[in-house]
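Chemist: Protein chains in written order, with the working numbering: chain V, 156 to 891; chain D, 2 to 514; chain B, 148 to 257; chain Y, 880 to 1377.
These are computed hints drawn from the structure, not numbers from a lab. Using N, Cα and C, we set each Cβ at its ideal position, and we do this for glycine too. It is possible that part of the hints are untrue.
[Stated by the list, open to error] Under the rule of at most 27 angstroms between Cα atoms (straight-line distance), these lysine-lysine pairs were calculated in the DSSO-like manner: (1) Y:Lys1373 - Y:Lys913; (2) V:Lys345 - D:Lys459; (3) V:Lys347 - D:Lys505; (4) D:Lys505 - V:Lys182; (5) V:Lys561 - V:Lys347; (6) V:Lys738 - V:Lys561.
[As the list claims (entries may be wrong)] Far from chain D, some chain Y residues (derived; all Cβ distances over 10 angstroms): (7) Asp881; (8) Ser940; (9) Thr1075; (10) Asn1250; (11) Ile1374.
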Amino acid sequence: MVIPLISIILLCPLAAFVIFALLGLAKRSFPRQDLLSTAAMLAALVCSFLLLREVVPDPKPHTVNWISVGDFTFSMGFYLDSVTVIMLIVVTLVSSLVHIFSIGYMHGDPRYPRFFAYLSLFSFSMLFLVVSDNLLGIYIGWELVGLCSYLLIGFWFEKDSAANACKKAFLTTRVGDVGMFIGMMMLFAKFKTLSLYDGTENGIFTLVEGLSGTGDIIWLSIAGILIFCGAIGKSAQVPLHTWLPDAMEGPTPVSALIHAATMVAAGVYLTARMFPILTDTSSLVIAYIGGITALVAATIAIVRFDIKRVLAYSTVSQLGYMMLAIGAGSYVAGLFHLTTHAFFKALLFLGSGSVIHAFHAMHAHHDEDHTDGEAHEHDDHSLVHEHGSEIPPDQDMRNMGGLRRKMPWTFGTMLVATLSISGVPFLFSGFWSKDAILGGVLGHAMVSHSPHYYILFGMALIAAGITAFYMFRLIFMTFFGEPRNQEMHDMAHESPWVMVVPLLVLAVLSIPIVNPIWFNKDYVKPPPQSHIHAPAHAQLGPDTKTGDANSGFAFFWISEAQAAEEEGGKNTEKADDAYRIHKLAHNIAMVLSICVAGLGILLSWLFYHRRRFSAESVATKFSPVYNLFWNKYYFDEFYDGVLVALTVWKSRLFAQFDGAIVDGTVNGVGTVTRQIFAAFIGFFDNRVVDGIVNRVAEVTWAAGGRIRRIQTGAIQTYLFVVLGGIVLIILIFRAL
Amino acid sequence: MLLSLMIFVPLLGMIVVLLLPRESEELIKRVTLAFTLIPLILAVYLYITHNQPDLEHLWKQNVPWIATFNIQYHVGIDGLSAILILLTALLGPICVLASWRNIEKGIKAYMALFLLLETGMLGFFAALDLFLFFVFFELTLLPMYFLIGVWGGPRREYAAIKFFLYTLFGSVLMLVAIIAVYLNSNVINGIAAEARTFDIPTLIERAATEGHALANGTFQMWVFLGFFIGFAVKVPIFPFHTWLPDAHVEAPTAISVILAGVLLKMGTYGLVRINMDMLPEGMAFFTNGAGFWGNSLALLGFINIVYGSFCALAQTDFKKLVAYSSIGHMGFVILGLAAGNEVGVTGAILQMFNHGVISAMLFLLVGVLYDRAHHREINGFGGLGNRMPIYTGITTLAFMASLGLPGLSGFIGEAFSLLGAYERFPTLAILSTIGIVVGAAYFLWTLQRVFLGTLNPKYEALPEINRREILTLVPLGILTIVLGIWPHFAIEMFSESVVELTTKIMGTLQANL
Amino acid sequence: MSLQHYLVISAILFTLGIFAVLTRKNAISILMGIELILNSCNLNFAAFSRFVVPPENVDGLIIPNIDGQVIAIFGIVLAAAEAAVFLAIILAIYREFGSIRPDEVDTLKG
Amino acid sequence: MDYLENIESLAYFSPEILLVVFAAAVIILDLVVKNRESEKVAYLALVGLGCSLVAIIITHSALGTNESKNLFWGMIRLDGFAVFFKILLLLATAATILFSIRSEELDVRLKGEYYALLLAVTFGMFLMASATNLLMIFIALETVSLTSYILAGFLTHSPRSSEAAFKYITYGAVASGTMLFGLSLIFGMVGTGDLTTIGQQLPVVLASGEVTALGVLIAITFILAGIGYKIASVPFHMWSPDVYEGAPIPITAFLSVASKAAGFALFLRFFFSGFGNSEVMQSIDLGLLLAIVSALTMTIGNLAALPQQNVKRLLAYSSIAHGGYLLMGAVLLTNGDAAIVNKGIGAIIFYLIVYFFMNLGAFYVVVLIANEAGTEMIEGYRGLSSRAPLVAGAMAIFLFSLTGIPFLAGFFGKWVLFTAVIEGNLYWLAFVGLLNSVVSLYYYARIVKAMYLESAEDTESFSFSKGTFALLTVFVVPTLLIGLLNIFYSLSEKITLQ
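If we strip away everything but chain V, and leave its shape as in the complex, we get:
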């Protein structure tokens, strides 16, 4: 049943897109592309649920030979384990809900059918990525989702900001992808395969176990980090995170689906999948990147006013959490957070979409303005991205306020999500997953005695507090208080049911009880870890046990008894130690996280609801810090600056080049206004390569002219040459 089900899951959305594309070629379109795509997605959803029963403990990939040349065979195939199924469900579920939401949200858009076609293509790509059993397949899906992200961010491509954002997104992620590709090359060179699991031949995970030694293997660390580079790009980790906030130029359902729930989480999924090959070093790098991202993005989010950007930075921050979890060995916690985050963040985005939709008339109006304004700057495109564009008024929280009464459903569902992401205990899924991460990191720190992980734990904890702060800031500014922009407020209205229902479903999914899969600790298990893994783990005894300990502790409050029973029953003393340490860590983490979350919410309440403190005055008081946050740590400026600096360097270089080689012909400089290397090389091409050729031609030509001049027309000259020739020949050959 596995293959037919997976085929249906993949083919349904693909078919929806293909139908659109084929009809498009014939200059037609399917009358109800929206329903077609949604139906396809729902079919995939059903099949995903059916797949739940098909999971077997030690699955084999289902492969076919994709390319075979001589001894080499590249196989393509599906691999279905519990993680795959969960990802499938998450993707299809969120995707279905976003489809439904979009029916309302995108209503009236001139390219309405195309939007659904793109969504379908995206869903297909994402699902393909999820089920692939090998790196090449993952990479294919990986790039395809990137393409869809590109198409969807740039869906309103008439806006220059959107056009820039989509390009930026694609390029930035591609930088990471190249790293991933290099990592793949390294693995391939070593293992001669890109399959992860044992099919007809051994996969990478088995082969990697064959590597001897207990410490780090440098090349493997590098390969791991390089593969993680792909995740840095896709999951918008520092330093390649800048594209994600810009990606908010896309329609909001896209943000919910791609840039919150699924595609950006693919990086986490990939890192988790590659867990068995991660060495200590690469784990630490991953953890640090994750930790820094979590903290940096959270601080930036504090000062945003664009509702979507707040959520975007929040997403970046949460993705950082997940990476941190995996880096700290809490594989399951990372994936758990991925799932819960997918639901509540999708909910937040859809909710914000609902708010934006409430200002829809304004939105359309604004669009027109925007178009007019941009027309003048049209020729001004450059590779240097324009960013930090003005906040559209319908997304500006400073225009909102008091929407709670106008949009009760939206408010209610978003509040659930906010509570969840803030880590408000017990009732909300976010608390559990975030706590699992915090506990996992602290536990890892305590077990391995590594100061790094203590630092990381601190960063994660601070980020958790900040998260609670800015999320409640968002809620307070949007839904509470008095309307700040009465005109807009009057126009606002609750969204139609097609949009509200998905919100409700997602709100329900943010309650932990509906996530039962995660509380059966046998269902998701970390992959077996090999010898290459952390010495810290290794001290603890048999590696598999450590993994179990991790997964067991991730859900301490629910499964403690069960876990303790099992662990205690069969584990060695060392594992018991680890178990106890982890248990302790989780307790500490839980307490601390509740405290910081509470603190954050409290501060937020004081600042933005009770207005006990003025955010502005704090901002002026700590203006350097504020500026740092406001300017997003100057990442964009840095990237632009590098380009600009290179441009300057280029001009200087050209000046010299010109003087030296083309002696004073300066007209080249004027034309060479393009980008750094590109222009330099183009120049090189014309002046040096062609130049040499032309010079040869000139010399040849000049030689012709020279010879012509000897041909004076006077016969006695000719005769002189004859005699001279004779004498010369005799003189030269006399000696020989």
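We have chain V; now place chains D, B and Y onto it with these hints.
Modeler: Frame of chain V, contents of chains D, B and Y only:
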């Protein structure tokens, strides 16, 4: 027989076209189309039957030609040539269709020359006699010179003569190498033992015989260089590449398609057929990874990739951009060939085919736009996405394929070339990935400048791509997708040849180390 | 007189001829130079024939070799023919250019 | 060595005799016919050539294959080599006569003696191709030269033509005088005029010390001046551009093909028979000398052709360059290996066949354009592709063939030459030659460019007679096909010197 038929049917077509009255333009076009369709049908038949050994005799022919020099008319195919013949035959009718409306003067001469060109290309890929190989190689020059020079853009004269001179320069060196091979083809241990020959399979065999003059390492190295420069100009490999952008920019659309789609492949095909297969020792010398010379071939591939990509980034002329991107993409072919292992060579050959398809698409697309707007300045467009959605869709597909988006055919060639190259030249392979990023950059940037943003009011009334144009693009688009999903369709044709070839190359390398 | 004498005279003649051909600014003088060259050759042939080639002994009859002399005769004839053609051409030149200075006849060049 | 006595020789001498007879007949006919019908004179000359051709074939078949006869006590030799060149020269003369009939620049009233002179020059060239005695060589050379001077200056009212004749005769006289001096030195060294004897005796006297290598070098260099002037090799080439430009176009064509071919025939026979001993060659390093001369000739010819605007002059330089290519084959005479020597001779012969068609064809087009457009300059060729598409196409084929673009005859000609040269291990020379053919593309393509890529102000079509196209076809078809047929290769291989 069929193979000869396929090669000479276009020539026959040329004669027929020349006999038609100049005024009946429609008839000329139709006749040309018919004469290019015949090779295509034969090529499809070839594809269907290529793995049926009992039909092999249809696809070879060997008759004596110039007995004095033991030159034979020897044509035949293996997987590698078959796939390129398929490509050539496919692009033939597409180019005729693409020339349907936009060739304004002298359609008769144009079509006649085009048919001659097709004969040259098909013959080149099928030739198994070194002399014949060279004659067909050069046969493409003349029609190309006229096709660019007469029907090209404003600087066509310069472009045409530049193309001509560069290629001729390269082939001169190749000619010396060919003569050297011929003269040494009968010497074993210093004794002239058998008849001299130009027969490529025989030469390959002799070059692998211990003690044969052809098997001498130094000899192979020099001859390799001669052949290499000849082919390098055609590929083109840095620094012999500057004819390419000029030729492309000035050439009419269909000719650009042929140029990028097939003519560049002649260079790389030659590298495989002669430099790798016949001169493994020479190949080993330039790819053994030791010192400068041992890395030189891979280095050239790397330079091509990076250089071509960055140059493309600098362009504001749509067509020039595509032209430079071709240089970059051919770099992957060189890199894959330099790797010499199964993965790398498979990638390189796939890339040859796929680049042929994709660049053909790109040039056709540029042509479509040029026919409407009469300029190619990228910055002069904007917002066409709304005005021409189908065109935009197809262009996006072509761009994505070209920038190596997985799932489309461009990716596999690039990826395999790199995977293969990494095993042998890790640093260069890693550095070459810069090309992937830059490739994405210039294509996306172009996409943005041409299709995204607000519509340039000048082009409010730009008509959408028409059916004939779609018809030229669809087969290529389908190939791009199908081969992206299931490259096996192409690979199965040449995998045996690749295994044979790489076994030889790797064996030689190991023996040398 | 030995062979050397003839050769020296011939060489002097040849050199004088060449000198005249190279330096004289009159076509007629050039023609005379050419005649000198040809005559030096004739002298050479005759002298070599006389001194170098041994006479042939046919049945006791000593027949001196006259090959060189024959060539010299032919040389004289051809020189005369050449002079005739040359003078005819000089006439044509004079008609077209109004001068027989060789350096003024230089419209064809480059 | 057996010689045929004079009377016996006459039978084998019939082709030459027929030429002389018809030359006289032409003069007589010219007195009889009216000016308007002067074409009749040309046809009589053609008939004469035809008769001579028949005679050549008959004498050749009487000779038998691979046989040779020494006529007139060894003055000339009749062998396959001579027969080949005679046929080639005869055909070149026939072509020249046909060109002349159509050429409008030639003065109709004087045509009678013109054709007689053409027959006479052909006679002289026949002698050049077969002379084996120093005396005969000199006579043949002078016969050809004297008649050529007159032909070059045949346009009596054209200053250019007169100037050409003046330069030609001055240069020619000095060159042949110098050569005669060289010949006299050789005669003095061995005491005989017979080439074969010279070939046998020279190493002997050289070995005995009677003669120094320097003496031989001086003699050979002097002789080279005469022969080099005939084949226009550097540094004895300078007359040719001026003469070619000034002479009537058919005569230019004739000089560039026939005169050059005859020169090579003489060159080959002279060096093969007279110096065909490798000791002599090595004592003065003749191989290197010839190789350098060859390289310089083609390089200077090609480079000087680059800036030319006058097509005739351009083709003059190009023909210098082709002389350089041909000399590469001659260099192989100095190779010790007889097989390679024969390859060199075969290559030259093959190249001459090819060159005959492509160069004469090109000159024929020049004649046609000069008639119609009244100019020899490249500008006159603008837009020819639309004004006279067939002629333009033919010209393009000739020019690309001259460049050596594959599948055209010129390529195969070069192929044969370069193969031979490389086989003689002269890689550098082959390389220089090949680079030169790349350079040559540039100026040939300039004409093609003018014809095809540029448009004329005047777009009126030219009209040509059917005969014109027929004659053009005679040159185009071989230019397309020669290389593709084995017959010419085997022919050129069979023709050897003994």
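Chemist: Now look at each hint and say whether the structure bears it out.
Modeler: Hints versus structure:
1. Taking the CA atoms of Y:Lys1373 and Y:Lys913, the gap is about 47 angstroms. The hint is violated against a cut of 27 angstroms.
2. For the hint pairing V:Lys345 with D:Lys459, the CA-to-CA distance comes to about 56 angstroms; that exceeds 27 angstroms, so the pair is violated.
3. Of the pairs offered as hints, the one joining V:Lys347 and D:Lys505 holds, with about 20 angstroms between alpha carbons and a cut-off of 27 angstroms not exceeded.
4. Note on D:Lys505 and V:Lys182: the hinted pairing is violated, with a Cα-Cα distance of about 52 angstroms set against a maximum of 27 angstroms.
5. Distance hint between V:Lys561 and V:Lys347 is unfulfilled; the C-alpha atoms sit about 61 angstroms from each other, more than 27 angstroms.
6. With a C-alpha separation of about 46 angstroms, the suggested pairing of V:Lys738 with V:Lys561 is violated against the 27 angstroms cut-off.
7. With a cut of 10 angstroms on Cβ distances, Y:Asp881 stays outside the contact zone with chain D, its closest approach being about 33 angstroms.
8. Every CB of chain D lies more than 10 angstroms from the CB of Y:Ser940, the least distance being 24 angstroms, so the non-interface label holds.
9. Remark: the non-interface label on Y:Thr1075 is consistent with the geometry, its nearest Cβ contact in chain D lying 29 angstroms away (cut-off 10 angstroms).
10. Interface exclusion of Y:Asn1250 from chain D stands, the closest Cβ pair being 25 angstroms apart, more than 10 angstroms.
11. Residue-level check passed: Y:Ile1374 sits 13 angstroms from the nearest beta carbon of chain D, beyond 10 angstroms.
Hint compliance for this structure: hints 1, 2, 4, 5 and 6 are not met, and every other hint is.
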